[in-house]
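Enquirer: Each chain, letter by letter, is given below.
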Amino acid sequence: MLPYAFCAGLLGIGLYAIISKKNIIKIIIGVCLIEYAVNLFIVMVGYRIGGLPPIITKVGETTKFVDPLPQALVLTAIVIGLATTALLAAIAVRIYKRYGTFDLTQIRRLKG
Amino acid sequence: MIEFYFLLIFMIVAAVVAVETRDLLGVIISLGAVGFAQAILFLMLQAPDLAITQVVVEALTLVILIAAISRTTRIDTTKGALVTSVLGVCILVFVVIATIQALRFLPPFGEPLLRVSEFYFENGLWGTGAANLVAAIILDFRAYDTLGEATVLFTAALGVMVILRAIGRKGK
Amino acid sequence: MREGMTLIVKTVTRIIVGFLMMYGLYIILHGHLTPGGGFPGGVIVAGSFILFLLSYGGKAGYNRIRKSLISVFEGFGGFVFLAVALFGLGAGIFFWNFLGKGEPLNLFSAGIIPICNIAIGIKVACALFTIFVAFLLLKEKD
Chain A
1 MLPYAFCAGL LGIGLYAIIS KKNIIKIIIG VCLIEYAVNL FIVMVGYRIG
51 GLPPIITKVG ETTKFVDPLP QALVLTAIVI GLATTALLAA IAVRIYKRYG
101 TFDLTQIRRL KG
Chain B
1 MIEFYFLLIF MIVAAVVAVE TRDLLGVIIS LGAVGFAQAI LFLMLQAPDL
51 AITQVVVEAL TLVILIAAIS RTTRIDTTKG ALVTSVLGVC ILVFVVIATI
101 QALRFLPPFG EPLLRVSEFY FENGLWGTGA ANLVAAIILD FRAYDTLGEA
151 TVLFTAALGV MVILRAIGRK GK
Chain C
1 MREGMTLIVK TVTRIIVGFL MMYGLYIILH GHLTPGGGFP GGVIVAGSFI
51 LFLLSYGGKA GYNRIRKSLI SVFEGFGGFV FLAVALFGLG AGIFFWNFLG
101 KGEPLNLFSA GIIPICNIAI GIKVACALFT IFVAFLLLKE KD
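Protein chains in written order, with the working numbering: chain A, 1 to 112; chain B, 1 to 172; chain C, 1 to 142.
Chain A with its partners taken away, still in its complex shape:
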């Protein structure tokens, strides 16, 4: 139960960065932290104490493996997190070119 609480703490810190920071780069950092927290939580659910990585080295031998299904889900999620971060960084660069600052309170007009 205690490792899950640390994941919840990391998620809370990321959410705090998204809600109450006014710099666009800090908001991107908050999104990245939430992704890290969720990936870590999913892998922790599938951990078995005394387990081995789910890779078969000798055919026909039964060993205690950890759960391979959460690892397959998180493998996809890590690469999608990279794509999201790249797109957010591109938007941040564009905003800086247009307004000259990263500060959210000085970006006034949302023109379509």
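These are calculated hints, taken from the structure and not from any lab test.
Some clues are possibly wrong.
Straight-line C-alpha distance at most 25 Å; calculated DSS-like pairs for lysine-lysine [claimed, not checked]: (1) A:K64 with B:K79; (2) B:K79 with A:K58; (3) A:K22 with A:K97; (4) C:K67 with C:K10; (5) A:K97 with C:K10; (6) C:K10 with C:K59.
Partial list, computed: chain A residues near chain C (C-beta under 10 Å) [said to hold, decoys possible]: (7) P53; (8) I56; (9) T57; (10) V59; (11) T63; (12) A89; (13) A90.
Just so you know, even glycine gets a beta-carbon here, dropped at the ideal spot from N, CA and C.
Given chain A, put chains B and C in place with the hints provided.
Expert: Just chains B and C, lined up with the frame of chain A:
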């Protein structure tokens, strides 16, 4: 078990440093510290596939973020109101307590149910012929999700090119 | 960003880039036997391209790596993945593993999984390189 908690406390301290520092380069480097500590945690949770992927993806994230701030002023000069910070901390505490209450009904840490994975353990090697069970899952049993992920990556590359190409024509 | 980095970085890069690409290809090809697979291997190959571009500067890099060719490769990787998936559709199963399974723990085993790994590796490498070149192109036009 003590090394889990050491790394988790390190991750939380690095995350707090990343959120509160004023120099943007220091913020990005602290995010890198969180990511690499997570890679070591994946290795301790017996997931070597994920550790390799997390290390290289973290390195590339750092390169892209530094390329994004390299032509800008590097000091964060925003001044947040106190009300917003207090509201943020209240929401943080509420979310942490609510998440812990919701996760109380999971099986205890280290004893998973493994009801779906019994099928993958029995049919993984002889059904697909691959010795790496995670690769067998993402490329044979659940290959449709991998097709979706390839589409997402393609869309992201397309989106970045569209956003960063329109500068030469009309931008101020 | 125009002229690249110092002479020491350029010399070390010239030695390292080949090894980096070979390591990435090793992780892609052995994806069904050892940890790794198409995704981390593709990111490592993209990393080797990005290292070359960063240390030699924008101008010298574009003479070696043409951007239109990279776009063609990205589409090619996605197309191969989708074509392999649709082959089994004639027999009624999407993504059917139709090649021979072979003996386990051999390099040529596991049906379509190595082909899918290679296609995904090419696609991921080209997509990430395109993203990085877009960031670099923006700063050049400043």
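Enquirer: Which numbered hints are broken by the structure, listed smallest first?
Expert: The structure conflicts with hints 1, 2, 5 and 11, although it agrees with all the remaining ones.
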